[in-house]
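> So the protein lines, in turn, are chains W and U.
Residue numbering for the first sequence follows my numbering, beginning at 18 and increasing consecutively.
Residue numbering for the second sequence follows my numbering, beginning at 18 and increasing consecutively.
One or more of the hints may lead you astray.
If chains are identical, the list can't say which one is meant, so a pair holds when it fits in one copy or spans any two.
[What the hints assert, rightly or not] Using 25 Å as the maximum straight-line C-alpha spacing, the simulated SDA-like pairs for lysine to any residue come out as follows:
#1 53 x 79
#2 430 x 73
#3 278 x 289
#4 438 x 72
#5 229 x 170
#6 229 x 354
#7 278 x 185
#8 475 x 49
#9 115 x 165
#10 430 x 181
#11 115 x 179
#12 115 x 351
#13 115 x 354
#14 278 x 382
#15 44 x 479
#16 229 x 166
#17 229 x 172
#18 44 x 376
#19 258 x 79
#20 115 x 152
#21 425 x 344
#22 229 x 209
#23 115 x 185
#24 115 x 169
#25 278 x 22
Derived by calculation from the structure, the hints in this document are not laboratory data.
Quick caveat, the model's predicted, so the values are computed rather than measured.
Protein chains: 2
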Amino acid sequence: MTLPRYQQLAQTLRRQIDAHVWLPGEKLPSLRESCKQSGLSLMTVLQAYQLLESQGTLVSRPQSGYYVAPSRPLRLEHGSLHTAEQIDVNDAIFDILKAGQDSDIVPFGSAFPDPTLFPQPKLARSLASAVRRMSPHSAIANLPPGNEDLRRSIAQRYALQGVEVTPDEIVITSGAMESLGLSLQVLTQPGDWVAIESPAFYGVLQGIERRKLKAVTIPMDMEQGIDLAALEQAMATYPIKACWLMSAFQNPQGCTMNPDKKRQLVDILIRNQVALIEDDVYAELYFNGDRPNPLKMSSYRQEILHCSSFSKCLAPGFRVGWVAAGNYASRIQRLQLMSTLSASVPVQLALADFLHQGSYDAHLRRLRRQLELRQNAMRSAVLNSFPPGTRLSKPTGGYFIWVELPGKMDATKIYQQALAKRISVAPGTMFAVDNRFSHCLRLNTSFEWNTRAENAVKTLSELVYKEYNRHR
Amino acid sequence: MTLPRYQQLAQTLRRQIDAHVWLPGEKLPSLRESCKQSGLSLMTVLQAYQLLESQGTLVSRPQSGYYVAPSRPLRLEHGSLHTAEQIDVNDAIFDILKAGQDSDIVPFGSAFPDPTLFPQPKLARSLASAVRRMSPHSAIANLPPGNEDLRRSIAQRYALQGVEVTPDEIVITSGAMESLGLSLQVLTQPGDWVAIESPAFYGVLQGIERRKLKAVTIPMDMEQGIDLAALEQAMATYPIKACWLMSAFQNPQGCTMNPDKKRQLVDILIRNQVALIEDDVYAELYFNGDRPNPLKMSSYRQEILHCSSFSKCLAPGFRVGWVAAGNYASRIQRLQLMSTLSASVPVQLALADFLHQGSYDAHLRRLRRQLELRQNAMRSAVLNSFPPGTRLSKPTGGYFIWVELPGKMDATKIYQQALAKRISVAPGTMFAVDNRFSHCLRLNTSFEWNTRAENAVKTLSELVYKEYNRHR
Numbered sequence: 018m019t020l021p022r023y024q025q026l027a028q029t030l031r032r033q034i035d036a037h038v039w040l041p042g043e044k045l046p047s048l049r050e051s052c053k054q055s056g057l058s059l060m061t062v063l064q065a066y067q068l069l070e071s072q073g074t075l076v077s078r079p080q081s082g083y084y085v086a087p088s089r090p091l092r093l094e095h096g097s098l099h100t101a102e103q104i105d106v107n108d109a110i111f112d113i114l115k116a117g118q119d120s121d122i123v124p125f126g127s128a129f130p131d132p133t134l135f136p137q138p139k140l141a142r143s144l145a146s147a148v149r150r151m152s153p154h155s156a157i158a159n160l161p162p163g164n165e166d167l168r169r170s171i172a173q174r175y176a177l178q179g180v181e182v183t184p185d186e187i188v189i190t191s192g193a194m195e196s197l198g199l200s201l202q203v204l205t206q207p208g209d210w211v212a213i214e215s216p217a218f219y220g221v222l223q224g225i226e227r228r229k230l231k232a233v234t235i236p237m238d239m240e241q242g243i244d245l246a247a248l249e250q251a252m253a254t255y256p257i258k259a260c261w262l263m264s265a266f267q268n269p270q271g272c273t274m275n276p277d278k279k280r281q282l283v284d285i286l287i288r289n290q291v292a293l294i295e296d297d298v299y300a301e302l303y304f305n306g307d308r309p310n311p312l313k314m315s316s317y318r319q320e321i322l323h324c325s326s327f328s329k330c331l332a333p334g335f336r337v338g339w340v341a342a343g344n345y346a347s348r349i350q351r352l353q354l355m356s357t358l359s360a361s362v363p364v365q366l367a368l369a370d371f372l373h374q375g376s377y378d379a380h381l382r383r384l385r386r387q388l389e390l391r392q393n394a395m396r397s398a399v400l401n402s403f404p405p406g407t408r409l410s411k412p413t414g415g416y417f418i419w420v421e422l423p424g425k426m427d428a429t430k431i432y433q434q435a436l437a438k439r440i441s442v443a444p445g446t447m448f449a450v451d452n453r454f455s456h457c458l459r460l461n462t463s464f465e466w467n468t469r470a471e472n473a474v475k476t477l478s479e480l481v482y483k484e485y486n487r488h489r
Numbered sequence: 018m019t020l021p022r023y024q025q026l027a028q029t030l031r032r033q034i035d036a037h038v039w040l041p042g043e044k045l046p047s048l049r050e051s052c053k054q055s056g057l058s059l060m061t062v063l064q065a066y067q068l069l070e071s072q073g074t075l076v077s078r079p080q081s082g083y084y085v086a087p088s089r090p091l092r093l094e095h096g097s098l099h100t101a102e103q104i105d106v107n108d109a110i111f112d113i114l115k116a117g118q119d120s121d122i123v124p125f126g127s128a129f130p131d132p133t134l135f136p137q138p139k140l141a142r143s144l145a146s147a148v149r150r151m152s153p154h155s156a157i158a159n160l161p162p163g164n165e166d167l168r169r170s171i172a173q174r175y176a177l178q179g180v181e182v183t184p185d186e187i188v189i190t191s192g193a194m195e196s197l198g199l200s201l202q203v204l205t206q207p208g209d210w211v212a213i214e215s216p217a218f219y220g221v222l223q224g225i226e227r228r229k230l231k232a233v234t235i236p237m238d239m240e241q242g243i244d245l246a247a248l249e250q251a252m253a254t255y256p257i258k259a260c261w262l263m264s265a266f267q268n269p270q271g272c273t274m275n276p277d278k279k280r281q282l283v284d285i286l287i288r289n290q291v292a293l294i295e296d297d298v299y300a301e302l303y304f305n306g307d308r309p310n311p312l313k314m315s316s317y318r319q320e321i322l323h324c325s326s327f328s329k330c331l332a333p334g335f336r337v338g339w340v341a342a343g344n345y346a347s348r349i350q351r352l353q354l355m356s357t358l359s360a361s362v363p364v365q366l367a368l369a370d371f372l373h374q375g376s377y378d379a380h381l382r383r384l385r386r387q388l389e390l391r392q393n394a395m396r397s398a399v400l401n402s403f404p405p406g407t408r409l410s411k412p413t414g415g416y417f418i419w420v421e422l423p424g425k426m427d428a429t430k431i432y433q434q435a436l437a438k439r440i441s442v443a444p445g446t447m448f449a450v451d452n453r454f455s456h457c458l459r460l461n462t463s464f465e466w467n468t469r470a471e472n473a474v475k476t477l478s479e480l481v482y483k484e485y486n487r488h489r
């Protein structure tokens with residue numbers, strides 16, 4: 018079967034661009050010239066150019082013509098900048114999420130914390146008590162922005178940390194997933210460019226795909242964190258509409274930005290007048306010292322949509338999150354009215370009640386201690402049993418460790434073999450739009466460190482070693 | 018300030034098209050001819066043509082050229098077909114929703130049923146009991162498609178009505194708003210055409226706006242219901258990707274399709290292979306006889322996404338809805354995992370528990386009786402006090418009446434004047450993208466028929482008469 022003529026022409030042009038016949042930023046022959054040269058009709062040439070434009074290979078400039086788009090990937094001094102014009106989320110993500118539902122499988126690949134870590138009886142009492150006192154009008158009274166008591170309690174927690182957030186800018190949502198999605202919708206239109214981390218939480222990739230956005234992926238390092246030079250370069254190169262990242266216990270690598278990096282990042286945002294979506298769902302889970310300060314603490318706070326939830330630290334199944342949305346609060350409310358109307362009322366009331374009880378901080382202290390102990394135990398086990406050359410992150414909070422296997426090892430294979438042995442892990446491919454983390458794994462360290470877990474790490478290390486020896 | 022040349026050219030072409038220089042469906046001069054004729058550059062002409070294409074005035078055909086789009090509005094034998102390339106939801110909608118939160122205002126404009134109509138103590142007991150028995154793993158176990166017991170109970174209710182729906186095709190959502198939104202996302206890409214009712218539930222207009230879709234609005238009549246000839250014509254004229262409507266107690270007009278109309282509608286869908294989003298949230302609220310059969314009952318059921326919830330008939334604040342999504346169930350699940358992850362777990366468990374108690378149908382019988390009595394009372398009061406020429410819908414279920422004021426009366430003015438007197442009504446402009454229902458009101462009849470309500474109708478009628486007399 019032969020391709021239509023415009024597709025043939027597009028392919029030819031694409032090959033020429035790849036071969037640097039036309040350099041990034043260079044003007045292509047005009048449509049008229051191209052017609053003359055190719056002998057094709059104007060419509061055909063136009064379609065070819067438009068196809069390449071829709072693929073991001075060309076850009077059109079009003080009153081001027083078609084130009085080769087800035088090159089991708091860009092080689093930068095401090096790393097490399099990659100872009101994705103179209104993100105396709107791997108089907109595997111859904112299979113992995115589903116595997117987590119099977120209690121027969123050791124859930125190292127799970128995104129959820131060990132559910133037994135939470136004060137369920139107390140939450141149940143709060144729920145029962147809240148719903149007994151619930152006014153029939155509560156459904157209407159708790160329309161967006163959501164329950165007032167709960168918003169005030171959340172604002173108080175911000176205040177105690179020194180972050181200026183008013184109850185009015187908080188919108189209660191169905192988990193942080195909804196607040197992140199609403200934030201992205203408020204800041205972007207389909208086709209816009211967004212700067213994201215690489216590797217990133219797969220929810221970011223899904224959000225970008227769903228909204229039909231284009232992404233510039235900013236390199237992360239499990240020790241150094243985000244590459245600010247690359248971010249700066251991205252802002253200079255693409256019309257970035259929003260930046261979406263995690264400043265504390267980044268998922269999946271676990272890195273936390275130091276104060277200096279935070280200042281520089283905010284400077285870049287201010288200079289470029291780009292709004293920030295700050296996903297901060299793990300911040301309460303620090304192991305020592307204080308809660309890491311969010312970027313929201315900066316003077317740029319009105320342009321920072323700080324998203325968090327109770328799902329990682331108190332009540333996973335309740336699906337209650339929020340966004341402190343600064344200048345965007347009323348637009349977020351409207352979007353929510355259009356999409357889910359409001360978060361479920363009884364669970365909002367239950368959390369407001371629970372926060373008033375005053376035992377939340379005691380629970381968090383216990384939770385942090387347990388997560389730290391479990392992470393240390395599992396980290397040591399992995400460190401002691403995986404092949405030499407394995408790199409392991411050492412997060413100071415949260416419940417993930419990031420494992421870089423040595424050499425060219427294929428973590429997706431490990432994932433499949435482990436699953437056959439009833440152990441789930443999260444392969445690195447879940448966290449990027451390409452294969453650059455295909456030698457990495459994310460492990461959930463929140464579960465009880467017992468013989469079952471020990472044996473599972475042992476089995477994993479055997480699988481890894483088998484693959485390692487094949488590659489030597 | 019002068020317009021850029023391409024915009025000037027676009028305006029000129031637009032004027033020519035409006036003046037029938039170029040007829041709908043006719044080919045426009047080629048780009049080359051147009052360049053020659055206008056003396057403008059190819060890029061400028063191209064931009065003008067593309068601008069008109071983006072506005073829906075022109076359509077381009079591969080390998081051929083630019084054509085004038087089919088005319089809008091089309092004049093049809095049985096009504097007229099209107100389209101909206103871009104929908105802007107009036108800010109007033111949000112103000113009206115907010116006004117409903119003020120208990121000091123008589124809530125005739127509210128979309129919510131009287132909250133005192135629901136079995137709150139029983140629901141509270143179900144919630145307390147469910148959450149006591151809640152396993153720590155429930156958050157994960159109840160990921161999409163949602164709680165299995167609840168899905169089975171819903172499937173049983175379908176089965177009792179003779180509708181073939183399996184628990185597997187049901188996805189539990191955060192209210193019907195989420196299920197409708199997910200359905201729209203699964204069926205369409207931004208820029209696609211969708212057929213909707215006119216007037217329609219404003220959530221439809223918001224959903225279309227949010228997704229950047231184009232709409233063909235199909236005329237409705239409060240007695241005759243949807244204009245099938247117009248729908249058929251719409252399908253023949255535009256590449257409709259989905260149809261979105263209500264077959265029972267349509268919001269806002271209250272009409273229910275008769276079985277013959279349903280058959281014809283399904284035939285049209287099948288002939289055109291267009292999927293249907295069926296919003297059926299009021300179906301349980303019938304006054305006499307049986308629950309109206311949904312379109313989902315037809316042989317085309319796999320292509321019908323039947324959306325409903327417990328928000329209108331049992332538990333308004335819980336925000337639990339569902340979609341019986343046929344062929345689209347797994348795609349809906351994936352989209353939900355990306356957007357809100359899952360519906361709140363405790364409220365799902367509570368509803369599953371409540372449905373097992375077996376008192377749901379007794380509650381519904383009481384609810385229907387009360388809604389009927391209240392609707393009759395309010396309808397009579399409006400009928401007896403509003404000016405001659407007023408048309409009133411007579412729905413056989415639900416809790417809205419639709420009021421068409423005589424002549425050229427401005428219902429938005431009535432809305433404003435009524436609000437000043439602490440009475441809310443829903444002006445017709447909320448339910449369309451243009452002003453064609455600006456002489457209409459929707460009234461919520463679910464509230465207790467007492468002196469306050471009587472006086473409110475009296476005040477309304479005085480406002481209406483004042484306006485009526487001004488127009489005579």
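> Run the structure past the numbered hints and jot down the numbers of the failing ones, going up.
2, 4, 5, 7, 8, 10, 11, 14, 15, 16, 17, 18, 21 and 25
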